[in-house]
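K.L.:
Here's the letter readout for the chains.
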Amino acid sequence: MVARTQTEPIRTDPDLPPVAVLEQGPMPASRRVLFTVIALIGAVAWSVVALARGEQINAVWIVFAAVCTYVIAYRFYSRLVEAKIVRPRNDRATPAELHDNAKDFMPTDRRVLFGHHFAAIAGAGPLVGPVLAAQMGYLPGTIWIVVGCVLGGAVQDYLVLSISVRRRGRSLGQMARDELGRFGGVAALVAVFVIMIIIIAVLALVVVNALAESPWGVFSIAMTIPIALFMGVYLRFLRPGRVSEVTVIGVALLLLAIVSGGWVAETAWGQDWFTLSPVALAWWLAAYGFAASVLPVWLLLAPRDYLSTFMKVGVIILLAVGIVVARPEVQAPAVSSFALRGDGPVFAGTLFPFLFITIACGALSGFHSLIASGTTPKLLEKESQARPIGYGAMLTESFVAVMALITAVIIDQHLYFAMNAPAGATGGTPETAAEYVNGLGLSGPPITAGEIERAAEVVGEESVVSRTGGAPTLAFGMSQVLSSVFGGTGLAAFWYHFAIMFEALFILTTVDAGTRVARFMLSDSLGNIGGPLRRFRDPSWRVGAWICSIVVVVLWGAILLMGVTDPLGGINTLFPLFGIANQLLAAVALTVVTVVVVKKKLYRWVWIPAVPLVWDLAVTMTASFQKIFSSEPRIGYWAQHRAFQDAKAAGEETFGVATSPEAMDAVIRNTAIQGTLSIIFAVLVLIVAAVGVVVMVRSVRAGGLPTSEEPDEPSRIFAPRGMIPTAAEREVQALWDARERERTVTGAGT
Amino acid sequence: MNARRALHALTRTGRAVRWYTAALLGEHDYARYVAHVARVHPGTDPGSEAAYWRARHADQDAHPGARCC
Numbered sequence: 001m002v003a004r005t006q007t008e009p010i011r012t013d014p015d016l017p018p019v020a021v022l023e024q025g026p027m028p029a030s031r032r033v034l035f036t037v038i039a040l041i042g043a044v045a046w047s048v049v050a051l052a053r054g055e056q057i058n059a060v061w062i063v064f065a066a067v068c069t070y071v072i073a074y075r076f077y078s079r080l081v082e083a084k085i086v087r088p089r090n091d092r093a094t095p096a097e098l099h100d101n102a103k104d105f106m107p108t109d110r111r112v113l114f115g116h117h118f119a120a121i122a123g124a125g126p127l128v129g130p131v132l133a134a135q136m137g138y139l140p141g142t143i144w145i146v147v148g149c150v151l152g153g154a155v156q157d158y159l160v161l162s163i164s165v166r167r168r169g170r171s172l173g174q175m176a177r178d179e180l181g182r183f184g185g186v187a188a189l190v191a192v193f194v195i196m197i198i199i200i201a202v203l204a205l206v207v208v209n210a211l212a213e214s215p216w217g218v219f220s221i222a223m224t225i226p227i228a229l230f231m232g233v234y235l236r237f238l239r240p241g242r243v244s245e246v247t248v249i250g251v252a253l254l255l256l257a258i259v260s261g262g263w264v265a266e267t268a269w270g271q272d273w274f275t276l277s278p279v280a281l282a283w284w285l286a287a288y289g290f291a292a293s294v295l296p297v298w299l300l301l302a303p304r305d306y307l308s309t310f311m312k313v314g315v316i317i318l319l320a321v322g323i324v325v326a327r328p329e330v331q332a333p334a335v336s337s338f339a340l341r342g343d344g345p346v347f348a349g350t351l352f353p354f355l356f357i358t359i360a361c362g363a364l365s366g367f368h369s370l371i372a373s374g375t376t377p378k379l380l381e382k383e384s385q386a387r388p389i390g391y392g393a394m395l396t397e398s399f400v401a402v403m404a405l406i407t408a409v410i411i412d413q414h415l416y417f418a419m420n421a422p423a424g425a426t427g428g429t430p431e432t433a434a435e436y437v438n439g440l441g442l443s444g445p446p447i448t449a450g451e452i453e454r455a456a457e458v459v460g461e462e463s464v465v466s467r468t469g470g471a472p473t474l475a476f477g478m479s480q481v482l483s484s485v486f487g488g489t490g491l492a493a494f495w496y497h498f499a500i501m502f503e504a505l506f507i508l509t510t511v512d513a514g515t516r517v518a519r520f521m522l523s524d525s526l527g528n529i530g531g532p533l534r535r536f537r538d539p540s541w542r543v544g545a546w547i548c549s550i551v552v553v554v555l556w557g558a559i560l561l562m563g564v565t566d567p568l569g570g571i572n573t574l575f576p577l578f579g580i581a582n583q584l585l586a587a588v589a590l591t592v593v594t595v596v597v598v599k600k601k602l603y604r605w606v607w608i609p610a611v612p613l614v615w616d617l618a619v620t621m622t623a624s625f626q627k628i629f630s631s632e633p634r635i636g637y638w639a640q641h642r643a644f645q646d647a648k649a650a651g652e653e654t655f656g657v658a659t660s661p662e663a664m665d666a667v668i669r670n671t672a673i674q675g676t677l678s679i680i681f682a683v684l685v686l687i688v689a690a691v692g693v694v695v696m697v698r699s700v701r702a703g704g705l706p707t708s709e710e711p712d713e714p715s716r717i718f719a720p721r722g723m724i725p726t727a728a729e730r731e732v733q734a735l736w737d738a739r740e741r742e743r744t745v746t747g748a749g750t
Numbered sequence: 001m002n003a004r005r006a007l008h009a010l011t012r013t014g015r016a017v018r019w020y021t022a023a024l025l026g027e028h029d030y031a032r033y034v035a036h037v038a039r040v041h042p043g044t045d046p047g048s049e050a051a052y053w054r055a056r057h058a059d060q061d062a063h064p065g066a067r068c069c
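Protein sequence lines correspond, in order, to chains A and B.
Note that the first sequence ends on residue 750 in UniProt numbering; no numbers are left out.
Note that the second sequence ends on residue 69 in UniProt numbering; no numbers are left out.
In short, the hints are calculated from the structure, not lab data.
The reader is advised that the hints may include incorrect statements.
If the Cβ cut is set under 7 Å, some of the chain A residues that face chain B in the computed set are [claimed, not checked]:
#, residue
1, Ala102
2, Leu203
3, Cys361
Beta carbons are placed, not taken as given, at the ideal position from N, Cα and C, and that holds for glycine.
Please put together the full structure from these sequences, using the hints given.
P.N.:
Set out below in structure tokens:
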């Protein structure tokens, strides 16, 4: 049987070649065979991953299971979402084409835009969450990262991008106001702001934990600042526009900074200068965040972004190659006892809901909706390209998260818990840590203090005990994978600090960009209040910029300091708040999307955004409820708060891990702040969701409501539908190329 | 013949990688801007590349974009 593909060129102007090609027809037999084979490999891989008990599996099976699922989901599920909800029309001009100014609005090649979008959504989050979640075993994390992405995260990113494209690239906050009304919009805006603050604070905490007491790491990261300044000056004054040239120089300097960090850490002055306590680092970071948010973009932010983009792509390829070549064995159990009992030392709580909270980025990350609205839609060439970019880039991020999970589950499990349990539990020394982890009942032979010391020595660190936050563990696992492929143990220390460096680089990029965005949100909101505050709306008013920057930095800096000094271990108490915040943002985004789908009367397909929305609300609300109301002090912020208050009232001077009255006061204060934040987040999102339901009911009663979609404008440019152009699209492209050549010959501007 | 074909494939890949990195880092943006000015406002001076990047960065200063976690 010959496949009958019908092609129909679409024209918007008789004088122009077609602007799009409609192609319909059955899938060719060869493709059917291909996808069947991929599906079968995926099924086999999933059975190995899910059914192996009591024997070690190879990490490559996890990679296969994930990649095959992505391919099938992309080919079939994302197409269903496209056909039933998005319904892209490539004869309709996108905001990039319509408002093209060759700056923030400009039709950008789909492959390049994919890179931009991916670099903007993927940072340290997908690297950190899975590492922490590894305490529950490899299986729950793998399933959630892959399935959560395919049905939740990627759908959210794709749909937010698609609705923003039809609204001139408006931001999530603006779309919430347009679709949900003023009240819902304000709640969404406040939610975005507070969520941003907590996200910056927790990411900063990850950096602090990775760099504290590590002169090598501190030196390398500190050097990124002069390197970025040099690049900025080079691009501004010496050779404007030569970005790849300066990036190559920058990356070379960066590698030099990593290597020389090892030398500096050997010297007495290096140890003196660059061994910083967590508290000192937190202050430095706050100062940095402030400086970066008021300095001009060209000097620090833009060059650092180039470095970070370059490193991101490079490191991810390196890690993928490393895992496939090294094929490490998984050391963690499929499901650990902590998952069911909920008493894990890395973070407290049972599998549901806390696994789904801990892994946000990589599975379902609300923060992406801020990039999928606002930035990327202004660069999209054709509506249909939202699928490879929105859905496709999220699949890639999910893959990064899977690799991060692998690095955590292939290291010795005793070592994993020695690194990730808070200092209050491990006691901070190799001896006490060995004793502690050997008492956890893990599988495999017990660990000795000497082995823990040697592990630190191999990666060139003073100690690996209680290096919480995920980044050191990821770096450790990565160094294990990469040094087995490239360079042997001799390079293990280099790879470790290489990994620390790029994680810190990603996080600093998020911290300074986030501080800036939050600063603008604050000044906009203050300006909108009116009266004398109206002046805040003027972005060139430096005093206003400084005031707002200070407020933003003080807000996240205070949470950071609180986490750094928390006797209970900052990551342990704050990371759940980070995950909850991020996924509550996803709830806001999915509410907006679902409302739009209901308003357009696509009732049959409303489950596509509604299923992830309901799941997300169930997870975040259960987690918030437990964090607020649980009587178990390890889980509930207020239960912990009361336990310490009672102890203090009873006149005790030490309680639990708090060894002094000051530490007890710190716990009482911190739990109150964390508990209050949990309440604020949950209430704001409940308001948004409730308003969403009201709007949906109103819309159903009215038989559909108008949305804020912009009217149609015919497109006058051509670009392929997806990533790879079809034969018919190549022909059309040839027509456009010929026309362009003709125009250049007859003279431009005619 | 095979060696030549391999070499050809290699240079093509190299060129593609070069094009992609340059495009990703925004190296083609100024040329695009010049073409844009010529098309939309013919006869106007598009200005120097340094001036273009100054304007781009000033724009980013005023409208920051978020980076995710």
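K.L.:
Now look at each hint and say whether the structure bears it out.
P.N.:
Structure-based check of each hint:
{"no.": "1", "hint": "Ala102", "result": "holds, 4 Å"}
{"no.": "2", "hint": "Leu203", "result": "holds, 6 Å"}
{"no.": "3", "hint": "Cys361", "result": "holds, 6 Å"}
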